[in-house]
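Engineer: Letter by letter, the chains look like this.
Protein chains: 2
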Amino acid sequence: MSATDILFKRVTFIGIGLIGSSLARSIRHTKVTDHITVCDINKAHRDKALELGLADDVTGGFIEAVKDADLVIICTPPGVCGDVAAAFAPGLKEGAIVSDVGSVKQSIIHDVSQHLPDGIHFVPAHPIAGTEHSGPEAGFAELFDKRWLILTPPQGTDEAAIEKVTEMWRRAGSMIERMDAQHHDMVLAITSHLPHLIAYTIVGTADDLGDHLKQEVIKFSASGFRDFTRIAASDPVMWRDVFLNNKEAVLEILQRFSEDLTVLQRAIRWGEGDTLEELFARTRKIRREVIEANQR
Amino acid sequence: MSATDILFKRVTFIGIGLIGSSLARSIRHTKVTDHITVCDINKAHRDKALELGLADDVTGGFIEAVKDADLVIICTPPGVCGDVAAAFAPGLKEGAIVSDVGSVKQSIIHDVSQHLPDGIHFVPAHPIAGTEHSGPEAGFAELFDKRWLILTPPQGTDEAAIEKVTEMWRRAGSMIERMDAQHHDMVLAITSHLPHLIAYTIVGTADDLGDHLKQEVIKFSASGFRDFTRIAASDPVMWRDVFLNNKEAVLEILQRFSEDLTVLQRAIRWGEGDTLEELFARTRKIRREVIEANQR
Numbered sequence: 000m001s002a003t004d005i006l007f008k009r010v011t012f013i014g015i016g017l018i019g020s021s022l023a024r025s026i027r028h029t030k031v032t033d034h035i036t037v038c039d040i041n042k043a044h045r046d047k048a049l050e051l052g053l054a055d056d057v058t059g060g061f062i063e064a065v066k067d068a069d070l071v072i073i074c075t076p077p078g079v080c081g082d083v084a085a086a087f088a089p090g091l092k093e094g095a096i097v098s099d100v101g102s103v104k105q106s107i108i109h110d111v112s113q114h115l116p117d118g119i120h121f122v123p124a125h126p127i128a129g130t131e132h133s134g135p136e137a138g139f140a141e142l143f144d145k146r147w148l149i150l151t152p153p154q155g156t157d158e159a160a161i162e163k164v165t166e167m168w169r170r171a172g173s174m175i176e177r178m179d180a181q182h183h184d185m186v187l188a189i190t191s192h193l194p195h196l197i198a199y200t201i202v203g204t205a206d207d208l209g210d211h212l213k214q215e216v217i218k219f220s221a222s223g224f225r226d227f228t229r230i231a232a233s234d235p236v237m238w239r240d241v242f243l244n245n246k247e248a249v250l251e252i253l254q255r256f257s258e259d260l261t262v263l264q265r266a267i268r269w270g271e272g273d274t275l276e277e278l279f280a281r282t283r284k285i286r287r288e289v290i291e292a293n294q295r
Numbered sequence: 000m001s002a003t004d005i006l007f008k009r010v011t012f013i014g015i016g017l018i019g020s021s022l023a024r025s026i027r028h029t030k031v032t033d034h035i036t037v038c039d040i041n042k043a044h045r046d047k048a049l050e051l052g053l054a055d056d057v058t059g060g061f062i063e064a065v066k067d068a069d070l071v072i073i074c075t076p077p078g079v080c081g082d083v084a085a086a087f088a089p090g091l092k093e094g095a096i097v098s099d100v101g102s103v104k105q106s107i108i109h110d111v112s113q114h115l116p117d118g119i120h121f122v123p124a125h126p127i128a129g130t131e132h133s134g135p136e137a138g139f140a141e142l143f144d145k146r147w148l149i150l151t152p153p154q155g156t157d158e159a160a161i162e163k164v165t166e167m168w169r170r171a172g173s174m175i176e177r178m179d180a181q182h183h184d185m186v187l188a189i190t191s192h193l194p195h196l197i198a199y200t201i202v203g204t205a206d207d208l209g210d211h212l213k214q215e216v217i218k219f220s221a222s223g224f225r226d227f228t229r230i231a232a233s234d235p236v237m238w239r240d241v242f243l244n245n246k247e248a249v250l251e252i253l254q255r256f257s258e259d260l261t262v263l264q265r266a267i268r269w270g271e272g273d274t275l276e277e278l279f280a281r282t283r284k285i286r287r288e289v290i291e292a293n294q295r
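So the sequence lines, in the order shown, correspond to chains A and B. Numbered per numbering that gives the first Met the number 0, the first sequence finishes at 295, counting up by one with no gaps. Numbered per numbering that gives the first Met the number 0, the second sequence finishes at 295, counting up by one with no gaps.
Heads up, simulated BS3-like pairs for lysine-lysine below, C-alpha to C-alpha not over 25 Å straight-line:
id: 1; chain 1: B; residue 1: Lys-246; chain 2: A; residue 2: Lys-218
id: 2; chain 1: B; residue 1: Lys-218; chain 2: A; residue 2: Lys-284
id: 3; chain 1: A; residue 1: Lys-284; chain 2: B; residue 2: Lys-47
id: 4; chain 1: A; residue 1: Lys-145; chain 2: B; residue 2: Lys-218
To be clear, the hints were calculated from the coordinates, so they are not data collected in a lab. Note that this is a predicted model, so its numbers are computed, not measured.
Produce the entire structure from the sequences given, and follow the hints as far as they go.
Structural biologist: Laid out in structure tokens, this is it:
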């Protein structure tokens, strides 16, 4: 398989938001396929996909969308992956590969796998990339360049299918990692889900302030708060589903965070400067490690 | 007073870290003064200030540092502003202006004012600008360009002194705002102090994980965590002092934040998706207001 071979005769996207539309743009450039079908229940998204040249054809019907597809990529919010899989599964052709891009893996594997007939290969994937913008017009082909793509195929998944999906992402510029789904969900709970939950909370706390104070907070947001507003502008439905579908890992890490915050709260109340300084010096080291790990 | 007039014959910096060295660079460019004296108890900082051309002379002695100064700018961590003011106050010449750059204002006004003799004008100021780096070599003249500078002069402060300090910051590119010190401390508790406390906490929580998991968190930090590590790399001593010196406002806003987080925790536990989605949609609106407020 060379880097210019067509990988799939026909690819179908189920859902064409930020991630789906970015991947559609990427696989056009990299000749992963000759033909892209886009299925989205939102007519405005379908029209936009055609207008942007992301799709050769579009449809609102799940069975029709997948009937000739060699690869079907579910790019919906995590909470409906199972439902859409149930809807399109009867139309899949023998040997087709199904993949996804969801930010949680255990629940999606559970929800999707049960609907797929024998002879279909499911290769769960998660590109660690995104922006705070949503919808097909927000996508761009370079979104995945030099970003991680985590594959979490269950034991026994067909290796040839995994390799084809891997090659598609490699061509998008991704760095590939393979991981157990449960481990993925714990790592992401810490690196992504908790930070988003905290950012949503703090911006919500500010939103509940009196009007005058709130306007001042917006005006002087440059001092830290602004970074949180960017994170807290991410897609509401997608993130709702992330928290509902990675409940155990998120609650576990949230509990640890709350305990740690309570310790700092107490140190502030009682003027225990050493406790604060010791922690603040320690966290500075982690920043250095993050930079050394070449994450900019 | 034209934009090219010398504003102060002699300016003295007490402390030459990130903020002090940036302002020293700026006032050289903008001809605010002919002569800069740097006083720092750290000899390495004094040597660096000379080497970088930030100072015409340097000293470790507070009295000597201020004896001919028309403007003395305290650029130390907030917790020692009062101590250094006590140390240099006997050396101040009649009519000198004292200013500062601290991130908390009520406690600094309290700590500094009590040591200043009659005939000295104290103009408290806070440039809302910074990076996660520290020390004289981390500074740069453009740090304050298009950033807010908040003045919190107590009632009765000499208007001519306020205007001279204002003009210095205007030449550095700052946008100027005047505010009551108590109000400043509440606004900054929300926009800056709480976000930093949260970022320090979450990075500390990650640091306490087992080694293998921690390495994975660092590796996959791009998904949100990385933004927090940058904030949590800020100067430990400065931030210790901020929390100890803005205790009431920080604890008040932290309490609100904790309540809001508990509501979300419960919503996740009981699968109440509507509660999550409603908040996440609401916070997205604040991001738009922040962008409209022209803060990038």
